[in-house]
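> Following the hints, complete the assembly by docking chain B onto the known chain A.
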Amino acid sequence: MNDSVIRVEGLRKSFGATTALAGIDLAVRPGSVLGLLGPNGSGKTTTVRILSTLLRPDGGRATVLGHDVVAEAAAVRPLVGLTGQYAAVDDSLTGLENLTMIARLLDFSRRDARARSAELVERFGLTDAAKRRVKTYSGGMRRRLDLAASLVGRPAVLFLDEPTTGLDPRHRNEVWDQVRALAAEGTTVLLTTQYLEEADQLAEDLVVLDRGRVIATGTPASLKAEVGGQLLHVRPLHRTDLPGVATVLAELTSEAPAIDPTGEVTVAGSPELLRAVGDRLDVPIAELGLRLPSLDDVFLTLTGHGADDTEEEEAAA
Amino acid sequence: MTATAIAPTPVREPAPRTGARHGPLRHAMTLAWRGIVKTIHSPEALLDVTLQPVIFLLLFVYVFGGAIAGDTSTYLQFALPGVLVQTVIFASAGTGTALADDLKTGIFDRFRSLPIPRSAPLLGAITADITRYATSGVIMLVFGAILGFRTEAGPLAIVAALALVMAFAFALCWVFTALAMVVKEPRSVQGIGAMISLPLTFGSNVFVPASTMPGWLQAWVEVNPVSKTADAARGLLLGGPVAGPAGTALIWAAAITLVFAPLAVFLYRRRT
Chain A
10 MNDSVIRVEG LRKSFGATTA LAGIDLAVRP GSVLGLLGPN GSGKTTTVRI LSTLLRPDGG
70 RATVLGHDVV AEAAAVRPLV GLTGQYAAVD DSLTGLENLT MIARLLDFSR RDARARSAEL
130 VERFGLTDAA KRRVKTYSGG MRRRLDLAAS LVGRPAVLFL DEPTTGLDPR HRNEVWDQVR
190 ALAAEGTTVL LTTQYLEEAD QLAEDLVVLD RGRVIATGTP ASLKAEVGGQ LLHVRPLHRT
250 DLPGVATVLA ELTSEAPAID PTGEVTVAGS PELLRAVGDR LDVPIAELGL RLPSLDDVFL
310 TLTGHGADDT EEEEAAA
Chain B
50 MTATAIAPTP VREPAPRTGA RHGPLRHAMT LAWRGIVKTI HSPEALLDVT LQPVIFLLLF
110 VYVFGGAIAG DTSTYLQFAL PGVLVQTVIF ASAGTGTALA DDLKTGIFDR FRSLPIPRSA
170 PLLGAITADI TRYATSGVIM LVFGAILGFR TEAGPLAIVA ALALVMAFAF ALCWVFTALA
230 MVVKEPRSVQ GIGAMISLPL TFGSNVFVPA STMPGWLQAW VEVNPVSKTA DAARGLLLGG
290 PVAGPAGTAL IWAAAITLVF APLAVFLYRR RT
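Sequence order for the protein chains is A and B. Those letters in the first sequence? Residues 10 to 326, per my numbering, in order. Those letters in the second sequence? Residues 50 to 321, per my numbering, in order.
Only chain A is shown next, with the shape it has when bound in the complex (with noise of 0.2 Å):
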């Protein structure tokens, strides 16, 4: 993996007494969107501020475009964007503001700063809050703002920590998209989150981190399938046909199957069984088919842990 253009070997750090990271070892291709995935305190965000430079690791080894993030750190910064979990972006300035002052410590001419400034405004539909104090913006609005002004300087390569923690949907839709169109352009992504969901929608590959250390990479698809085969849901339209329906499925594959509380009966599956059951069930039915596990249940399986149950202390640096 010599193309990669973040390796990571055996990085190491620790906050006092707490190991945030244990050694973990990582590589990403060109233009791909890594996703970092793990719990609160699995060591995410420090090793995203090891990579952009704002830390420093206390052994091991992480260079991007072949740049040593600790002894060539001023390589580093110009060829990087970051985007934290906290807005960093200044709330007192505007939009607009915000993103010329940025251009003009990248070394933008006053008239590059502005045209770059009105680009990116534009490109991530700020244009009517663009004079507005960064104040008054909502927070879908600031993490916009975040990601452009991580972008000013073009990056080669982009941290997302947790691009989208405390955004509704919509505006989380809003972030995925411009990830997308990011990573299209050839943006090499490196991501980190806590939602299952988001890696499975941006990342080609991921790295599950669980208490400092990789327990797990492959695709999204791959981690799937490590955890099991196929399921096959029904969900009646009556809930009042769910006994009749669990006694069709048990009759099925001799084995009992699984109730859940939101009226869906689950069962380990396969198109045969999908065909035999269409078949079979004679009352309305509101949902049949096939899904691979979640990644909910990926994490359960690797961690023995769900990912949301381990105490929060992401080590703060």
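One should not assume that every hint holds.
Claimed, not checked - A few chain B residues facing chain A, derived, Cβ under 8 Å:
hint, residue
1, 79
2, 86
3, 90
4, 156
5, 158
Stated by the list, open to error - Here are the simulated distance ranges between beta carbons:
hint, chain 1, residue 1, chain 2, residue 2, range
6, B, 150, A, 297, 26 to 34 Å
7, B, 311, A, 228, 48 to 56 Å
8, B, 311, A, 222, 38 to 46 Å
9, A, 32, B, 92, 48 to 56 Å
10, B, 92, A, 31, 47 to 55 Å
11, B, 311, A, 118, 27 to 35 Å
12, A, 144, B, 108, 29 to 37 Å
13, B, 311, A, 32, 29 to 37 Å
14, B, 90, A, 271, 48 to 56 Å
Unchecked claim - Computed footprint of chain B on chain A; a stretch qualifies when at least three of its residues, placed anywhere within it, have a C-beta under 8 Å from a C-beta of chain B:
hint, stretch
15, 79–88
16, 96–102
17, 108–118
Calculated directly from the structure, the hints in this document are not laboratory data. As the structure is a computational prediction, the values presented were derived from the model and not from experiment. Think of the CB as a built atom: it goes at the ideal place given N, C-alpha and C, for glycine as much as any other residue.
Structure of chain B alone, referenced to chain A:
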């Protein structure tokens, strides 16, 4: 730093950086611009460096002035140059507090991840504040004139007096900036700052001539850079010796800056 290394596999063309003037201060000036724009957006930020000194001036002139100098107009002449110094001392503690607050916001992460000198955000913040203090200095002089402060000094001497006070403020800002880098809570800067600024201001000849003080206190007042700066400002605005106190004041300002500016930048780097 070897900035000569070139990315081996540039995925895309680097950003266009046309027409850029490269200089060590350029980034700091951009960040100073940030601070000034903030003040323009919310001019109430000028209030704390204007209203408080105005109140101090009124308090000292009308409450204590008669007792200290015999009558209030004589005292106003004596006190105003010193109040200019006192104002920036109190305000520069505010610079530290604001910076400590600012460090906690995400924007400083952004600055750290940019290819700019580590000193730029600090120098930028201080430069913006000095601009604020200079504005408040002008407002103070105008307010003083309304109260009856009379000066024979020409424009050049007035500018020189303000510049001298700002030089001292610049030095002191680095002290509070260094402090801001080590405290856990921004509020602590205010508390520790008071322990620095109170002896500096009241242990000087800003409000009261040193001649009535006990010997040991006079000894302190004599070396206190605040006294020297106030003396030089008085000299420039009211006539009297200038070169001596101004020289000492500038040496103090330079010495404080030489110690605390590198210290503040070092502490800032260490935080990352």
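> State for each hint whether it applies.
Consistency of the hints with the structure:
At its closest, the beta carbon of residue 79 (chain B) sits 4 Å from a beta carbon of chain A; the interface hint therefore holds under the 8 Å criterion. For residue 86 (chain B), the interface hint holds, since its Cβ comes within 8 Å of a Cβ in chain A; the closest pair sits about 6 Å apart. The beta carbon of residue 90 (chain B) comes within 6 Å of a beta carbon in chain A, closer than 8 Å, and the hint placing it at the interface holds. At a threshold of 8 Å, the smallest CB-CB gap from residue 156 (chain B) to chain A is about 5 Å, leaving the interface hint in force.
Hint on residue 158 (chain B) holds. Least Cβ distance to chain A is approximately 5 Å, under the 8 Å limit. A hinted range of 26 to 34 Å is violated for the C-beta pair residue 150 (chain B) and residue 297 (chain A), which are about 57 Å apart. Taking 48 to 56 Å as the suggested C-beta distance range, the pair residue 311 (chain B) and residue 228 (chain A) conforms, at roughly 50 Å. Taking 38 to 46 Å as the suggested C-beta distance range, the pair residue 311 (chain B) and residue 222 (chain A) conforms, at roughly 40 Å.
Between residue 32 (chain A) and residue 92 (chain B), the C-beta spacing of about 53 Å keeps the proposed range 48 to 56 Å intact. Checked against the hint of 47 to 55 Å, the pair residue 92 (chain B) and residue 31 (chain A) passes, with Cβ atoms roughly 52 Å apart. Range check, residue 311 (chain B) to residue 118 (chain A): Cβ separation about 31 Å, and the 27 to 35 Å hint holds. At about 35 Å, the CB distance of residue 144 (chain A) to residue 108 (chain B) agrees with the hint of 29 to 37 Å.
At about 36 Å, the CB distance of residue 311 (chain B) to residue 32 (chain A) agrees with the hint of 29 to 37 Å. A hinted range of 48 to 56 Å holds for the C-beta pair residue 90 (chain B) and residue 271 (chain A), which are about 50 Å apart. With 6 residues having a Cβ less than 8 Å from any Cβ of chain B, the stretch 79–88 of chain A passes the three-residue criterion, so the hint holds. Given as covered by chain B, the stretch 96–102 of chain A passes the check, having 7 residues with a CB less than 8 Å from a CB of that chain where 3 are the minimum.
Given as covered by chain B, the stretch 108–118 of chain A passes the check, having 8 residues with a CB less than 8 Å from a CB of that chain where 3 are the minimum.
Violated hints amount to a single one, hint 6; each of the other numbered hints is respected by the structure.
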